[in-house]
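Produce the entire structure from the sequences given, and follow the hints as far as they go.
Using the numbering used here, the first residue of the sequence shown is number 3, and each one after it goes up by one.
If you are wondering where the hints come from, they were derived from the structure by calculation, not from laboratory data.
Heads up, the beta-carbon is just placed ideally off N, CA and C, and yes, glycines get one too.
Take these hints with a grain of salt, some might be off.
[To be verified] Cut-off 16 Å, straight-line C-alpha distance, at most; resulting in silico cross-link-like pairs (EDC-like, lysine to aspartate or glutamate): (1) K79 <-> E13; (2) K78 <-> D38; (3) K50 <-> E13; (4) K78 <-> D53; (5) K50 <-> D19; (6) K79 <-> E52; (7) K50 <-> E84.
[Stated by the list, open to error] Derived Cβ-Cβ restraints for the label pairs, each shown as a range: (8) K78 <-> D19: 30 to 40 Å; (9) R37 <-> P76: 30 to 40 Å; (10) A88 <-> E13: 12 to 22 Å; (11) T68 <-> Q15: 18 to 28 Å; (12) M5 <-> A71: 29 to 39 Å; (13) K79 <-> V34: 28 to 38 Å; (14) D39 <-> C82: 32 to 42 Å; (15) A51 <-> Q15: 11 to 21 Å; (16) K79 <-> R37: 36 to 46 Å; (17) D39 <-> K79: 36 to 46 Å.
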Amino acid sequence: MVMQAKAWLAEYQQIRDDLVSNIPRSAPKRWVAPRDDFVKINVGGAWKAEDRNGGLGVVVRDEWGTFIAACVRPVKKARCPEQIQALALLAGMQLSFNDILFQDCTHT
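Take a look at the structure:
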């Protein structure tokens with residue numbers, strides 16, 4: 003199981019690196035904490051149009067920024083990047099937290 007997770011992470015990172023290598027970088031955005039007693043789930047995804055493969059990532063933090071959970075998953079034969087974003091949101095919801103604030107990594 004650990005080996006498979008490491009393989010998925012490596013595949014996700016490679017796909018992400020391939021996709022973002024030609025994108026101009028802007029100033030990093032600061033993480034904004036959720037209100038008290040909430041967790042914040044940041045989601046993101048990457049997609050390669052050539053083979054329609056990609057990956058998603060989810061990070062969960064509390065109002066102090068303390069790491070709670072994370073997951074990464076490969077996505078095979080996705081129809082579009084929006085599908086990967088939707089799957090990332092679903093993965094975040096499946097972590098089963100009660101009070102959630104979602105943030106897409108492409109928006110503040």
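Hint check results:
no. : hint                    : in the structure
1   : K79 <-> E13             : 14 Å, holds
2   : K78 <-> D38             : 37 Å, violated
3   : K50 <-> E13             : 12 Å, holds
4   : K78 <-> D53             : 9 Å, holds
5   : K50 <-> D19             : 11 Å, holds
6   : K79 <-> E52             : 10 Å, holds
7   : K50 <-> E84             : 12 Å, holds
8   : K78 <-> D19: 30 to 40 Å : 18 Å, violated
9   : R37 <-> P76: 30 to 40 Å : 33 Å, holds
10  : A88 <-> E13: 12 to 22 Å : 20 Å, holds
11  : T68 <-> Q15: 18 to 28 Å : 24 Å, holds
12  : M5 <-> A71: 29 to 39 Å  : 20 Å, violated
13  : K79 <-> V34: 28 to 38 Å : 34 Å, holds
14  : D39 <-> C82: 32 to 42 Å : 35 Å, holds
15  : A51 <-> Q15: 11 to 21 Å : 19 Å, holds
16  : K79 <-> R37: 36 to 46 Å : 38 Å, holds
17  : D39 <-> K79: 36 to 46 Å : 39 Å, holds
Checked against the numbered hints above, the structure breaks hints 2, 8 and 12 and satisfies the rest.
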